[in-house]
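Enquirer: Spelled out, the chains give:
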Amino acid sequence: MTTSYGPAAVWTVILLAGIATYAIRLSFIHLFGRIEGVPPALERALTFVPPAVLAALVAPDFVPASATLGALADPTIGGGATAVVAAWYTEDVLWTVAAGMAGLHVARFLL
Amino acid sequence: MDTRLADFSAGVRDTLPLLLGIVPFALVAGVAGVESGLTPLQTVGMSVFIFAGASQLAAMDLLGRDAALGVVVLTAVVINLRMMMYSASIAPHFRALSTRVRAGCAYLLTDQAYALAIARYTDEDEDVRKPFYYLGVGATLWVVWQAGTVVGVVFGAGVPDAWRLEFAVPLVFLALLVPVLSSRPRIVAGLVAAAVAVLAAGLPFNAGLIVGAVVGVVAGIGAKRLGLAAGGGA
Numbered sequence: 002m003t004t005s006y007g008p009a010a011v012w013t014v015i016l017l018a019g020i021a022t023y024a025i026r027l028s029f030i031h032l033f034g035r036i037e038g039v040p041p042a043l044e045r046a047l048t049f050v051p052p053a054v055l056a057a058l059v060a061p062d063f064v065p066a067s068a069t070l071g072a073l074a075d076p077t078i079g080g081g082a083t084a085v086v087a088a089w090y091t092e093d094v095l096w097t098v099a100a101g102m103a104g105l106h107v108a109r110f111l112l
Numbered sequence: 005m006d007t008r009l010a011d012f013s014a015g016v017r018d019t020l021p022l023l024l025g026i027v028p029f030a031l032v033a034g035v036a037g038v039e040s041g042l043t044p045l046q047t048v049g050m051s052v053f054i055f056a057g058a059s060q061l062a063a064m065d066l067l068g069r070d071a072a073l074g075v076v077v078l079t080a081v082v083i084n085l086r087m088m089m090y091s092a093s094i095a096p097h098f099r100a101l102s103t104r105v106r107a108g109c110a111y112l113l114t115d116q117a118y119a120l121a122i123a124r125y126t127d128e129d130e131d132v133r134k135p136f137y138y139l140g141v142g143a144t145l146w147v148v149w150q151a152g153t154v155v156g157v158v159f160g161a162g163v164p165d166a167w168r169l170e171f172a173v174p175l176v177f178l179a180l181l182v183p184v185l186s187s188r189p190r191i192v193a194g195l196v197a198a199a200v201a202v203l204a205a206g207l208p209f210n211a212g213l214i215v216g217a218v219v220g221v222v223a224g225i226g227a228k229r230l231g232l233a234a235g236g237g238a
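As you go down the protein sequences, you meet chains H and A in turn. Count along the first sequence starting at 1, add 1, and that's the number in this note's numbering. Count along the second sequence starting at 1, add 4, and that's the number in this note's numbering.
Extracted from the complex, chain H is given alone in its bound form:
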């Protein structure tokens, strides 16, 4: 899937996301002294950001297009399942990606 956006749009995204990310990083490093720390309610919310965002990001990639039993034989599901097992035991990006790619290609070969 390649983008149909032109260079101006892509660079705008890169710059805006870059500036916003930098502002997040700088926020308390800069403000410290004026504010005591992160408000507890915000801190509580922030701890749920990684699981929620990553799950929302990844889930649609592994949902079969049709809700039939046969759709579960999609090789991406094989690859995803292998990756989840690897992630669970190793907690390592390298092993997870390697296992997932291997799972995908083995599933493609078998199915």
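Hints are not guaranteed to be accurate.
Counterexamples of contact, computed for chain H against chain A with all Cβ distances above 10 Å [as the list claims (entries may be wrong)]:
#1 THR69
#2 LEU70
#3 GLY71
#4 ALA72
#5 LEU73
#6 ALA74
#7 VAL107
#8 LEU111
#9 LEU112
Pair ranges (Cβ atoms, derived) [unchecked claim]:
#10 A:ALA161 / H:VAL107: 22 to 32 Å
#11 A:ALA123 / H:ARG109: 35 to 45 Å
#12 H:ASP62 / A:THR126: 36 to 46 Å
#13 A:TYR111 / H:LEU70: 46 to 56 Å
#14 H:LEU70 / A:VAL222: 25 to 35 Å
#15 H:LEU16 / A:PHE159: 24 to 34 Å
#16 A:VAL222 / H:THR13: 27 to 37 Å
It is worth saying that the hints were derived from the structure and are not from the lab. Idealized CB from N, CA, C, for every residue including glycine.
Dock chain A against chain H, hints included.
Expert: Structure of chain A alone, referenced to chain H:
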């Protein structure tokens, strides 16, 4: 003078084992840029300006799907919001530094730089609260991240489609997701976010992702509060 160099080198040394995880991640970021139709310069530009892997992959993934530009930026921002916690946590250690040095330190703030530096700063006394250890970590990560992205761009352009390398993007997200599902409220947040994102996948501009993430965070907070209410009687 000597201790500065020693602190910097210690930072570099402590970062080396982490590179085993960073290098493939950087390669994927380079490959994914090519796969989603970005130019090599745009892909490397992302690594320089954003310098945060998961958000870069998400932005490229969404650009490849022609999501609304606002959703792309918002998604990258939401993914990087966790850095606000790092910023607050490490700020006291940077207090004595000049504004300019603090600005530079903020640019290098990543999961790994934070984790290593905070461990060392809380482990040792005031004396090592200089930025040099942190800068050793941050500079190493930065150089490797940029170099890895460039190699990924070059490599990605020559890879046959049959290898399905673009599949590495969701795999990286899975690798990051599984370890953060470390408590029941976090699992609830993840499951609810996943379910809502799937149900809302048809929303225009890929807004289902944002909706799923927000509902997931709220669900996590709710689950934690219920857990406290049930077990907090004592």
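Enquirer: Determine for every hint whether it applies to the structure shown.
Expert: We went through each hint and held it up to the structure:
1. THR69: holds (16 Å)
2. LEU70: holds (18 Å)
3. GLY71: holds (19 Å)
4. ALA72: Non-interface label stands for H:ALA72: nearest chain A Cβ at 14 Å, farther than 10 Å.
5. LEU73: holds (15 Å)
6. ALA74: holds (16 Å)
7. VAL107: Label holds. Min Cβ-Cβ 12 Å, cutoff 10 Å.
8. LEU111: holds (15 Å)
9. LEU112: The assertion about H:LEU112 holds, with a minimum of 14 Å to chain A.
10. A:ALA161 / H:VAL107: 22 to 32 Å: Given a distance of about 26 Å, which is inside 22 to 32 Å, the answer is holds.
11. A:ALA123 / H:ARG109: 35 to 45 Å: holds (42 Å)
12. H:ASP62 / A:THR126: 36 to 46 Å: holds (38 Å)
13. A:TYR111 / H:LEU70: 46 to 56 Å: holds (50 Å)
14. H:LEU70 / A:VAL222: 25 to 35 Å: holds (33 Å)
15. H:LEU16 / A:PHE159: 24 to 34 Å: holds (26 Å)
16. A:VAL222 / H:THR13: 27 to 37 Å: Given about 30 Å between the Cβ atoms, the range holds.
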